[in-house]
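For the record, the sequence lines run as chains A and B.
Take the first sequence: its position 104, counting from 1, is numbered 104 in my numbering, and each next residue is one higher.
Take the second sequence: its position 90, counting from 1, is numbered 90 in my numbering, and each next residue is one higher.
Derived from the structure by calculation, the hints contain no laboratory data.
For glycine and all other residues, C-beta sits at the position ideal for the given N, C-alpha and C.
Where hints are given, some of them may not hold.
Here are the simulated DSS-like pairs of lysine-lysine, each with C-alpha atoms no more than 25 Å apart in a straight line [what the hints assert, rightly or not]:
#: 1; chain 1: B; residue 1: Lys100; chain 2: A; residue 2: Lys55
#: 2; chain 1: A; residue 1: Lys41; chain 2: A; residue 2: Lys55
#: 3; chain 1: A; residue 1: Lys66; chain 2: B; residue 2: Lys70
Just some of the chain B residues that point at chain A, by a computed CB distance under 8 Å [as the list claims (entries may be wrong)]:
#: 4; residue: Gly16
#: 5; residue: Leu33
#: 6; residue: Gly40
#: 7; residue: Glu41
#: 8; residue: Pro43
#: 9; residue: Gly104
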Amino acid sequence: GAVVSQHPSWVICKSGTSVKIECRSLDFQATTMFWYRQFPKQSLMLMATSNEGSKATYEQGVEKDKFLINHASLTLSTLTVTSAHPEDSSFYICSAIGGTSGNTQYFGPGTRLTVL
Amino acid sequence: GQQLNQSPQSMFIQEGEDVSMNCTSSSIFNTWLWYKQDPGEGPVLLIALYKAGELTSNGRLTAQFGITRKDSFLNISASIPSDVGIYFCAGQANAGNNRKLIWGLGTSLAVNP
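Just chain A, same shape as in the assembly (with noise of 0.2 Å):
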C-alpha cells in the first residue's frame, strides 16, 4: 500500500515553456500533497503543500505564479512550472499523506526537468 506515481519521469522543454507534473496516489486518498526539489547531491527542499480543494500553501521563496500548484481531487496534484528557465532544471519529488498511511509522508519516484 501508500503507493505514489509520478509523470513524466523525465521532461526536457525549451526556454519558456511550461511543464505540467502528475502526482498521483494510487491506493489511498491523499489528503494532503507535497511538492519538492532536489539539486544534485542536496537534500529535499519543500516548496509546497496542497491540501484537496484549497489553495496550496507555499515556502518561503517559492514563486506561487511560477510554479501553479493544482490539488483537484483525493488523488491527484500537478504542478507546472510556468515559463521554464535553464536554472528551474532540477529533480521534482511530490509525496502524499492519508489514508493508513496517518502523518508518514510516501514519495513519488521523482520527475527530471531539464529546461534547455
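Using the hints, position chain B against chain A.
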C-alpha cells in the same frame, strides 16, 4: 529553512561491516523518519519512529528515537552492495496542522564488495 545535523556525510565501507549514522536537532520532534534514496528516484521510507526511546528494526536496519526527542540513529548490520545509496533522516513536529518534514543533508553510503 531549518535542517537537521546528519553525520557522517559519507561512508565507504567493506561488505559485511556494520554502519551507523545519526541525526540531531535543536528542537523537539514527535516523529523521526529514515529514508533511503537511490540515484534518480524518490526517497523510500525505511523506518518510522513515533515515541521517545522507541527502538525499531526492519530486517538488518535498526533505528532509535532518542529520549530527548532531539536525535535519532540508524544502524545497518552486515552491509551488502545493495545498501549503497543516500540515507536521509527527517523529523516531524506534528504540531497542529504542521506535518512538514525537516530533513538532514544525507549520508552517502558506498559498499565495497
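To see whether the hints hold, each was checked on the structure:
1. B:Lys100 / A:Lys55: At roughly 16 Å apart (the allowed maximum being 25 Å), Lys55 (chain A) and Lys100 (chain B) satisfy the hint.
2. A:Lys41 / A:Lys55: Measuring from Cα to Cα gives roughly 31 Å; hence the hint is violated.
3. A:Lys66 / B:Lys70: 36 Å, violated
4. Gly16: Violated, about 27 Å.
5. Leu33: Leu33 (chain B) check passes; min Cβ-Cβ to chain A is 7 Å, inside 8 Å.
6. Gly40: 7 Å, holds
7. Glu41: For Glu41 (chain B), the interface hint holds, since the closest Cβ of chain A sits about 5 Å away, which is under 8 Å.
8. Pro43: 5 Å, holds
9. Gly104: 7 Å, holds
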